[in-house]
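Q: The primary structure of each chain is shown beneath.
There are 2 protein chains.
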Amino acid sequence: MSVCVEFQPIGRRVDVQEHMTVLDAARLIVFQDQKIMTAPCGGRGQCGRCRIRLLEGTVNEPTESETKLLSADELNQGVRLACQTEVLGPVKIEIPPESLVGKQNLQLEGLDYEIEVEPASRRYVISTEAPAIHHPVSTWQQIVRELESEHNVENPTIDMELLRQEIPKEHGRQLTTVTLQDREIINRFDVFPAPRSLGLAVDLGTTKIAAFLVDLESGDTIGSEARMNPQIAYGEDLMSRLAYCRESASQSRQMQALVVDSLNKLLANLLSKTGAGIQQVEHAVIVGNSAMHHILVGLPVHALARSPYVPAATLPIEVKSRSLGLNLATGASVYFAPLIAGFVGGDHVAMIAASRIFECEGVTLGLDIGTNTEIVLAVEGRLTSCSCASGPAFEGAHIHHGMRAVEGAVSSTTWSEEEQKLHYRTIADAPALGLCGSGVIDAVASLAEARIVNHMGLFDRSRSEVRIDEKTGHPEYVIVPEEKSGTGHDITLTQKDIVAIQLAKAAISTGTRLLLSEAGLNKDDVDKIIIAGAFGSNINVESAVFLGLLPNVPLERFQNVGNAAGTGARLMLLSTRERQVAEKIAKTVGYLELAAHPKFSQTFAKALEFVGSHS
Amino acid sequence: MSVCVEFQPIGRRVDVQEHMTVLDAARLIVFQDQKIMTAPCGGRGQCGRCRIRLLEGTVNEPTESETKLLSADELNQGVRLACQTEVLGPVKIEIPPESLVGKQNLQLEGLDYEIEVEPASRRYVISTEAPAIHHPVSTWQQIVRELESEHNVENPTIDMELLRQEIPKEHGRQLTTVTLQDREIINRFDVFPAPRSLGLAVDLGTTKIAAFLVDLESGDTIGSEARMNPQIAYGEDLMSRLAYCRESASQSRQMQALVVDSLNKLLANLLSKTGAGIQQVEHAVIVGNSAMHHILVGLPVHALARSPYVPAATLPIEVKSRSLGLNLATGASVYFAPLIAGFVGGDHVAMIAASRIFECEGVTLGLDIGTNTEIVLAVEGRLTSCSCASGPAFEGAHIHHGMRAVEGAVSSTTWSEEEQKLHYRTIADAPALGLCGSGVIDAVASLAEARIVNHMGLFDRSRSEVRIDEKTGHPEYVIVPEEKSGTGHDITLTQKDIVAIQLAKAAISTGTRLLLSEAGLNKDDVDKIIIAGAFGSNINVESAVFLGLLPNVPLERFQNVGNAAGTGARLMLLSTRERQVAEKIAKTVGYLELAAHPKFSQTFAKALEFVGSHS
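Heads up: the protein sequence lines correspond to chains A and B, in order.
Counting in my numbering, the final residue of the first sequence is number 604, and the numbers go up one at a time with none missing.
Counting in my numbering, the final residue of the second sequence is number 604, and the numbers go up one at a time with none missing.
Please note that the accuracy of each hint is not assured.
The list cannot tell twin chains apart, which means a pair is met if one copy fits it or any two copies do.
Claimed, not checked - Simulated pairs of lysine to aspartate or glutamate, DMTMM-like, Cα-Cα distance not exceeding 20 Å:
#: 1; residue 1: Lys573; residue 2: Glu137
#: 2; residue 1: Lys309; residue 2: Asp171
#: 3; residue 1: Lys309; residue 2: Glu173
#: 4; residue 1: Lys573; residue 2: Glu139
#: 5; residue 1: Lys309; residue 2: Glu150
#: 6; residue 1: Lys573; residue 2: Glu107
#: 7; residue 1: Lys576; residue 2: Glu135
Simulated from the structure, these hints should not be mistaken for laboratory data.
Start from the sequences, fold in the hints, and give me the full structure.
A: And the structure:
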């Protein structure tokens, strides 16, 4: 039997089957372009967010969930949970302001502002009737008509694969949930209520792929997982991978398939943890550097792999996930953030979007430090970016005893002037196995502070602490003697290691200096320096400043924002408005090509020196 | 060397390389959203349409084409052909009004009105520069930027397959022509000027596939070709083919592939005749009945193949041609006209659009007669359609000596009351081989007129002309005696043939009557009857009226419009505005389900009788 549910204060009515819950009834209503009620737990009686008050009519007795989540006072006043309340006759329901959905606001970790949740997709619940001779109208046609007449969707279209699927034979009336992106129907659920809508945000790095599973209604990140980029087997750096792709179309496809496979596995893991299904994942956003982007999208990489390193195209790209072999919901698409240049990719755009650099007053620098370091300079909202080939030294690669930042890595050192001795700490205080990036920087800074290494980066061979390697004749310094190390060998810092750090920090420093100089500014004009990226999170800023890797400005001007690229990807997934902002940024940001700058060599040569001072 | 060409009266200038033609210079200009000059022959000096006048400056001497196509007077006054005139220094050119493109208007055969040519695609010529270290911007990015800044295309996108193609390494400046559909770039030409833009219009019939190759700039149909629908091997009628498809997904794909293959061959033939290439074919429009549409698009046919015969979806569908295996330009799409119901397809929509029934004043009937006959009734612009299962008798099938309308077919007969004899004519006056549809109708009408067949369709066995078949015992009439036939046998009309015609004409007549009766009208209210379709073109209207196949109204109210479905397909290809009109028609036309009508059986039984009167 069908009964009428009336919602106040919005004054909307809906006819539903007896025993339907008030929440499901509310899901049938779109008011001012939005659903009227929120249920973060998906209507399982767990979150207590869908409070309503019964004004008139008959409903079931309060359930166990309700007696747990509501006070006796509330229950006496007729307060109930919409997801637990079954209508047993015509009812009038009041939705209190806190249950009535305004715009959903959201704060992502690492951001100090809120965004409105307004993803690219939107769901509608449509009541359809089985086709019959006096009503020879297909389910799809009924859905299309209702979207046009009731929801003001102009000329809706249907994803071709979805349309090609057989609709199960129906009997009588039923409720179908459809998901639209723009005016295209991309997904359909015949069960009611439909399981919640999810999205996937990916930061596709050269070394690591980080994936986030996001609830597209509440905006909550319900899972995250990372794995190594499997392309590493074909080269640690971008250039070797691009070279491998250039050799043949099948090698390009192989590299593409490696990442697609990883993404499918990452998503499968995330889903199995939450009990959700692939058909719920209705959209994805991927941000990555230009090389990772081109390989995954399948764009030609020839121009990207040789000077002047030009991407085939920098515009934002949206494709059906199935066209890439990515397993999402039937009609789901994948959005690739726009690029800026060959070495300034979508991850940099995401970092700018998430860190809000474009809204900063005064002068702000943003650095995403890694094998390739992108720097953006914002002067009253005008942005210019550049790319510095900082190399893999900060990730512990090409360092004699280098290692990644895992248990046992020396992650920080200090020089004790009194004891004339270098102290170190390892991650998890485990026996030392090697030096990670922050440890290397600290060690070089400590030795420079101790004047064991001079401002040119050369060991002072007259110092007793400096040891000469018998085989190579090169000087080195023992950070951890063999008796204390976890490897049974000395852990040393070599002259070659120092040169690697010098080259890396000179590259970054040159970028910073030329960006500032092009804008007619110097380091003292910089009001704020934002450090992003995994390595940036662990860096000892004092040491980095001491070496000249970071500009010598007061420490309080530095701000660490963590994996801003990943946050930016989620931002673009959750808000089309934020996505548009990011697209505008990518179009308008200036690009400074360092290699073409007349002062590049001179600035770089000078930047090789250690600054050697905290002041 | 670069020189300036100024065009009057529009006051636009463009810098071009010396020796470029004035036509190519004009192609660089878009004025008021349009190209400024037309060149139907593609700039080969053949059509003489691109006349201009040289006001100032130096150009080459008139060419042979020009001395042929222009008068001495014209040449003296400085009149030239833009495609033959090379600029040798700065010049000022006047474009006379007839060469200046206004909206291009077009009349298609069969239509008594003109349309503006405004296809879904539009071309732009973009000047690009090879990427270099001081200008590290890809060709695509330059194109996108110029589309945004110079041509007001908001956020252009690029077809993924096009984007995945390697762009040949460039040197210096060059002119690239791109084709856009909406805001997507679907094609690119590196040669300048680019070959002309073509489109393909297809009327996909159960029996015949008709294809038209159309110039999307001038609107001219430059070729047409038809071939049998190869699915015929799997059943002459729709139902057998749908049944074959339902058996397995691979059989569905096989049926789809047969049509795709035919279309590719049709297009290849059309192209080879005109010397054009596949990359020029930038769009296609296909109209067809719901079954042909579903099989080609790959939609589920289960619901279409059983009562109540519901199409999976009736909305217009646009897909990339490559997704169907159709060989057109890289990013070209195929547009499928919307359907109305299970037996009222896109060909009917195209017929309504082309015949302008929706604009007719008063009461108009439109009939597309075939194996399935669609009828539309327009009352002051309000449309209602129905479908009649008229069967294949009109196409000569299931008629004892039936044949298609080819050489040797008896196509018309008359009864001479004086001679008491039936006269006949054959196509091309060849010796008679059988009866085609119009011949069968004429013959039945003649025999009814002669009262050899009574109003119930039964032979008068008392007449000496009526012969009894020895084997079956059924009566028959010899139309062509064996000594005069081309087969050496008698060509006869049998009692069974007459029943087939009775059933067919009763089906159509029932549709007409119920449509009129539902609108509260009768045949005398009908102001105009439009007959479409191949069979309709050949029919003897007087005989059809005499039998009651067509309503008994004055002959001058009948109008024959030929293959209106094919014309409608070209209309939708050439004009997005007309396409929108057609989509609106499909949405708003009412559908009368005859099988569900309470008076169907009664009306049908009555309609079996022959009217037997010309008055």
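Q: Against this structure, judge whether each hint is valid.
A: Going through the hints against the structure:
no. : hint               : result
1   : Lys573 with Glu137 : between (31 Å within a copy, 13 Å between copies)
2   : Lys309 with Asp171 : both (14 Å within a copy, 19 Å between copies)
3   : Lys309 with Glu173 : both (12 Å within a copy, 15 Å between copies)
4   : Lys573 with Glu139 : between (33 Å within a copy, 18 Å between copies)
5   : Lys309 with Glu150 : both (10 Å within a copy, 13 Å between copies)
6   : Lys573 with Glu107 : within (18 Å within a copy, 31 Å between copies)
7   : Lys576 with Glu135 : between (38 Å within a copy, 13 Å between copies)
The structure is consistent with each of the numbered hints, conforming to all of them.
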